[in-house]
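Chains as they are written, first to last, in the numbering used here: chain A, 130 to 504; chain B, 8 to 388.
Keep in mind that the hints are not guaranteed to be accurate.
[Said to hold, decoys possible] Computed list of lysine to any residue pairs in SDA-like fashion (alpha-carbon distance at most 25 Å, straight line):
1. Lys177/B with Val468/A
2. Lys201/B with Ala247/A
3. Lys230/B with Phe354/B
4. Lys38/B with Leu449/A
5. Lys201/B with Ile312/A
6. Lys228/A with Ser243/A
7. Lys201/B with Ala182/A
8. Lys298/A with Met11/B
9. Lys224/A with Gly195/B
10. Lys196/A with Met135/B
11. Lys196/A with Leu132/B
12. Lys53/B with Thr65/B
13. Lys224/A with Ala182/A
14. Lys298/A with Lys177/B
15. Lys177/B with Asp203/A
16. Lys177/B with Ser254/B
17. Lys201/B with Arg204/A
18. Lys318/B with Phe354/B
19. Lys210/B with Leu194/B
20. Lys298/A with Ile13/B
21. Lys318/B with Tyr239/B
22. Lys298/A with Tyr46/B
23. Lys201/B with Arg472/A
24. Lys228/A with Ala247/A
25. Lys196/A with Lys53/B
26. Lys196/A with Asp204/B
27. Lys201/B with Lys224/A
28. Lys201/B with Lys228/A
29. Lys201/B with Trp293/A
30. Lys196/A with Tyr189/B
31. Lys298/A with Pro95/B
32. Lys201/B with Lys196/A
33. Lys298/A with Met135/B
34. Lys201/B with Leu276/A
35. Lys201/B with Ser243/A
36. Lys318/B with Pro95/B
37. Lys196/A with Pro95/B
38. Lys38/B with Gln464/A
39. Lys38/B with Arg472/A
40. Lys201/B with Arg467/A
In case anyone wonders, no lab produced these hints; they're calculated from the structure.
What you are looking at is a predicted structure, and each value in this text was computed from that prediction instead of being measured.
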Amino acid sequence: MSTVTLYSVSYDIASLILHILGFIIPPANAALTNGNVITGLAVLVFGVILLAASMLNTILLIWWERKLLGRIMDRRGAMHVGYAGLLQNFADGFKLFRKTTVQPREADALGFFSGPTAYMVTSFLLFGILPISSGWNSGILPLSLLLALAIFSFAPLFIFVSAWSSNNKYSLMGGMRSAAQMIAYEVPLLLAVVAVVIVAGSFDLTTIVYEQQNYWFWGPLFVALIVFVAGMLAEMERIPFDLPEAEAELVEGWNTEYGGMLFAFFMLADYLRALVGSILVVLLFLGGWTMPSWVPSAATSFPLAGIFWFMVKTYIVFGLFVWVRASLPRVRTDQLLRVGWNRMIPLSLLSVFLAALLVTVKCVWPFGCIPSAGT
Amino acid sequence: MSEMWINMGPQHPMTHGLWNLRVRLDGELIKDVDPEVGYLHRGIEKISEDRHYNEVITLMDRCCYVAGFAWEHLYTIAAERALHITPPERAEYLRVLSDEFQRIASHLMWYAAFVQDIGLMSPFLYGMRDRDLILDLYQSYTGARMTYEYFRVGGVRSDLPPGFTDQARKVLDWLTPRFNEYDQLCLGSDIFHKRCDNLGVLKANDCVTHGVTGPMIRSAGLKRDLRKDRPYSVYRQLDFDVALADSADVTGRYLVRMEEMRQSVRILRQVVDWLDHHPGPVIAEELPRWLGAPYAPVGKEGYLLKRHYPKGVGFSAVEEPHGEAQAYVVNEGGEHPYRVKFRSPVFANISAARQYMVGYRVADIPPIMGSVDVCVGEVDR
Numbered sequence: 130m131s132t133v134t135l136y137s138v139s140y141d142i143a144s145l146i147l148h149i150l151g152f153i154i155p156p157a158n159a160a161l162t163n164g165n166v167i168t169g170l171a172v173l174v175f176g177v178i179l180l181a182a183s184m185l186n187t188i189l190l191i192w193w194e195r196k197l198l199g200r201i202m203d204r205r206g207a208m209h210v211g212y213a214g215l216l217q218n219f220a221d222g223f224k225l226f227r228k229t230t231v232q233p234r235e236a237d238a239l240g241f242f243s244g245p246t247a248y249m250v251t252s253f254l255l256f257g258i259l260p261i262s263s264g265w266n267s268g269i270l271p272l273s274l275l276l277a278l279a280i281f282s283f284a285p286l287f288i289f290v291s292a293w294s295s296n297n298k299y300s301l302m303g304g305m306r307s308a309a310q311m312i313a314y315e316v317p318l319l320l321a322v323v324a325v326v327i328v329a330g331s332f333d334l335t336t337i338v339y340e341q342q343n344y345w346f347w348g349p350l351f352v353a354l355i356v357f358v359a360g361m362l363a364e365m366e367r368i369p370f371d372l373p374e375a376e377a378e379l380v381e382g383w384n385t386e387y388g389g390m391l392f393a394f395f396m397l398a399d400y401l402r403a404l405v406g407s408i409l410v411v412l413l414f415l416g417g418w419t420m421p422s423w424v425p426s427a428a429t430s431f432p433l434a435g436i437f438w439f440m441v442k443t444y445i446v447f448g449l450f451v452w453v454r455a456s457l458p459r460v461r462t463d464q465l466l467r468v469g470w471n472r473m474i475p476l477s478l479l480s481v482f483l484a485a486l487l488v489t490v491k492c493v494w495p496f497g498c499i500p501s502a503g504t
Numbered sequence: 008m009s010e011m012w013i014n015m016g017p018q019h020p021m022t023h024g025l026w027n028l029r030v031r032l033d034g035e036l037i038k039d040v041d042p043e044v045g046y047l048h049r050g051i052e053k054i055s056e057d058r059h060y061n062e063v064i065t066l067m068d069r070c071c072y073v074a075g076f077a078w079e080h081l082y083t084i085a086a087e088r089a090l091h092i093t094p095p096e097r098a099e100y101l102r103v104l105s106d107e108f109q110r111i112a113s114h115l116m117w118y119a120a121f122v123q124d125i126g127l128m129s130p131f132l133y134g135m136r137d138r139d140l141i142l143d144l145y146q147s148y149t150g151a152r153m154t155y156e157y158f159r160v161g162g163v164r165s166d167l168p169p170g171f172t173d174q175a176r177k178v179l180d181w182l183t184p185r186f187n188e189y190d191q192l193c194l195g196s197d198i199f200h201k202r203c204d205n206l207g208v209l210k211a212n213d214c215v216t217h218g219v220t221g222p223m224i225r226s227a228g229l230k231r232d233l234r235k236d237r238p239y240s241v242y243r244q245l246d247f248d249v250a251l252a253d254s255a256d257v258t259g260r261y262l263v264r265m266e267e268m269r270q271s272v273r274i275l276r277q278v279v280d281w282l283d284h285h286p287g288p289v290i291a292e293e294l295p296r297w298l299g300a301p302y303a304p305v306g307k308e309g310y311l312l313k314r315h316y317p318k319g320v321g322f323s324a325v326e327e328p329h330g331e332a333q334a335y336v337v338n339e340g341g342e343h344p345y346r347v348k349f350r351s352p353v354f355a356n357i358s359a360a361r362q363y364m365v366g367y368r369v370a371d372i373p374p375i376m377g378s379v380d381v382c383v384g385e386v387d388r
């Protein structure tokens, strides 16, 4: 494969910028074209590209959800701003941007403002860890999967802080539910991931993807997939597990008191987490950016083919989440927790057992064999 | 968390209207509830004393914005009894047509709101979509989609436009398979049963004690439907069954309402067929002029004679989509009713909230209140 990576591209951009600057300001030329300076700016450019890509994808994801939901509900979804409503979310974003930020009188300012900010920042942080293709990654992180899940599980803390500090009973109840639910679903989620890790033999997401070259893990690890997707639904707080923001009884749950840009922070972070959730499903179970060998090579060898197929898979997975959202009612808190502790954990333990079995027998009909047998 | 009171309303997604449910919570558990109404009081009963008999019908539409025809019908029956007027038969059939379409429209509205309360998103749109067809029908013969002002004391305002019955049949044909679709979306889902079975139980004797009527009492297994028990209009001539369930819970109310919609379709088919073959006048001939009779002889009964018009009182009870509505109209002679009094079924239904809510969880409040089908306009009037 080509050696063009996201980092090399950012390095080239940074170097180009600094050389032009040095040409314009000759006295600073030597200082600007220093290797360390270029590296520093390259990291910045890298971050900006990641931020822009994640932002763009998040907004596109909201559009995708709105259109898909609209079709399922026998309507069209956003239609007016831009072609087929593509720019509707930008319009909504600017509208939220223009609005005054209202802080409730008795709210605790520190928690009220830092909660959504930290929630969004940690969500954006996630995007930097995940490899999107062989070139699009942040280097070799041997424990990237663990790091991603660790950052993912920060969320209840920030939600609870912002819910508690907004001094509203609905927010508080939403925050409580959010904390209870996320902790309950963290355990089966991690156990399902353990099943994948056992088979792949690594915590590195890139390695996990390359371990799936013979067969994608969704087939042999189907139980783990089910547990993971259900856990992800709970983590993303989407129907049927969107109790923390159940609008029927809790108005808007933990973000009742938030409006304007702070609400936009929550909204963006929510969809960013949804995106990351779908990406994790693709990485862990659907072969990441690789395609099976029976796909004609013309479909996988064009420039950026990896990113293209990755995005296609991600949007399909997210489409499934939307489908679930459109067709299921919401469960109740006690039922959710009971399902979490009584059903999901045994299932995830079963999936770990199946994974261990798979590693032992190495080959499973009709999927094939493990390539390197978990080195 | 210690126990706390929270106000669900007057602006709250659960309320579907302007009222307040005060809830005492222990964590997620409901310890006590206290419904508070009166936010939408417009003094309709008092205003009615100052309006002509036909002008009161305008107010009736505002009583319940999802079941305007039921309230128009309720009032016109009482007013006709007070004024000793008999409407022609075709007008009665037109009223039943409006009533039963209204029942379906109201129940579809309830369905849309109820599924939203348990978190189902898509059926909300389906219910609203299908309700729109009925509103289109209303628009074609009354000119309005919500506040119709179609009934008159002594008949109805106008006859149907040509081709209406075919259009109505098309709508009925469209609706019939939709009900099964709705059932699949709700009853076919495990989560729905988890959420709604054995929820908000109100047994038959409690219903009677608290004056709870309508789908709630029928879901408790008590066969009480004014269209059968105390037939008004032409319901005696029509063939239909009373929808019943015996679980007395939210699922039971769902089943009753679904079955009622099916029965309404059955009634409507008979009514539409009858209307096709029985042309005739739609408003009584012998009306006094001040009731707006189109052909009333001016010299015989005009304004001068109004004080000598016979006095009387009229009582009516109508099976409204939400329950049993009652009206009492006192005619002391004159253009205005002396006193008008209404009994709203929803008022009794939500007054009993403590009976069917305490002990459940806060997440159960929306489905329970949704299954009661609250229409605040008629509660406060």
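Against the structure, the hints come out as follows:
{"no.": "1", "hint": "Lys177/B with Val468/A", "in the structure": "45 Å, violated"}
{"no.": "2", "hint": "Lys201/B with Ala247/A", "in the structure": "36 Å, violated"}
{"no.": "3", "hint": "Lys230/B with Phe354/B", "in the structure": "21 Å, holds"}
{"no.": "4", "hint": "Lys38/B with Leu449/A", "in the structure": "39 Å, violated"}
{"no.": "5", "hint": "Lys201/B with Ile312/A", "in the structure": "23 Å, holds"}
{"no.": "6", "hint": "Lys228/A with Ser243/A", "in the structure": "19 Å, holds"}
{"no.": "7", "hint": "Lys201/B with Ala182/A", "in the structure": "41 Å, violated"}
{"no.": "8", "hint": "Lys298/A with Met11/B", "in the structure": "9 Å, holds"}
{"no.": "9", "hint": "Lys224/A with Gly195/B", "in the structure": "40 Å, violated"}
{"no.": "10", "hint": "Lys196/A with Met135/B", "in the structure": "19 Å, holds"}
{"no.": "11", "hint": "Lys196/A with Leu132/B", "in the structure": "14 Å, holds"}
{"no.": "12", "hint": "Lys53/B with Thr65/B", "in the structure": "14 Å, holds"}
{"no.": "13", "hint": "Lys224/A with Ala182/A", "in the structure": "22 Å, holds"}
{"no.": "14", "hint": "Lys298/A with Lys177/B", "in the structure": "49 Å, violated"}
{"no.": "15", "hint": "Lys177/B with Asp203/A", "in the structure": "20 Å, holds"}
{"no.": "16", "hint": "Lys177/B with Ser254/B", "in the structure": "34 Å, violated"}
{"no.": "17", "hint": "Lys201/B with Arg204/A", "in the structure": "29 Å, violated"}
{"no.": "18", "hint": "Lys318/B with Phe354/B", "in the structure": "30 Å, violated"}
{"no.": "19", "hint": "Lys210/B with Leu194/B", "in the structure": "22 Å, holds"}
{"no.": "20", "hint": "Lys298/A with Ile13/B", "in the structure": "7 Å, holds"}
{"no.": "21", "hint": "Lys318/B with Tyr239/B", "in the structure": "22 Å, holds"}
{"no.": "22", "hint": "Lys298/A with Tyr46/B", "in the structure": "23 Å, holds"}
{"no.": "23", "hint": "Lys201/B with Arg472/A", "in the structure": "15 Å, holds"}
{"no.": "24", "hint": "Lys228/A with Ala247/A", "in the structure": "21 Å, holds"}
{"no.": "25", "hint": "Lys196/A with Lys53/B", "in the structure": "49 Å, violated"}
{"no.": "26", "hint": "Lys196/A with Asp204/B", "in the structure": "33 Å, violated"}
{"no.": "27", "hint": "Lys201/B with Lys224/A", "in the structure": "40 Å, violated"}
{"no.": "28", "hint": "Lys201/B with Lys228/A", "in the structure": "41 Å, violated"}
{"no.": "29", "hint": "Lys201/B with Trp293/A", "in the structure": "30 Å, violated"}
{"no.": "30", "hint": "Lys196/A with Tyr189/B", "in the structure": "22 Å, holds"}
{"no.": "31", "hint": "Lys298/A with Pro95/B", "in the structure": "58 Å, violated"}
{"no.": "32", "hint": "Lys201/B with Lys196/A", "in the structure": "30 Å, violated"}
{"no.": "33", "hint": "Lys298/A with Met135/B", "in the structure": "32 Å, violated"}
{"no.": "34", "hint": "Lys201/B with Leu276/A", "in the structure": "37 Å, violated"}
{"no.": "35", "hint": "Lys201/B with Ser243/A", "in the structure": "38 Å, violated"}
{"no.": "36", "hint": "Lys318/B with Pro95/B", "in the structure": "22 Å, holds"}
{"no.": "37", "hint": "Lys196/A with Pro95/B", "in the structure": "52 Å, violated"}
{"no.": "38", "hint": "Lys38/B with Gln464/A", "in the structure": "20 Å, holds"}
{"no.": "39", "hint": "Lys38/B with Arg472/A", "in the structure": "30 Å, violated"}
{"no.": "40", "hint": "Lys201/B with Arg467/A", "in the structure": "12 Å, holds"}
Of the hints listed earlier, those the structure fails to meet are numbers 1, 2, 4, 7, 9, 14, 16, 17, 18, 25, 26, 27, 28, 29, 31, 32, 33, 34, 35, 37 and 39, in rising order.
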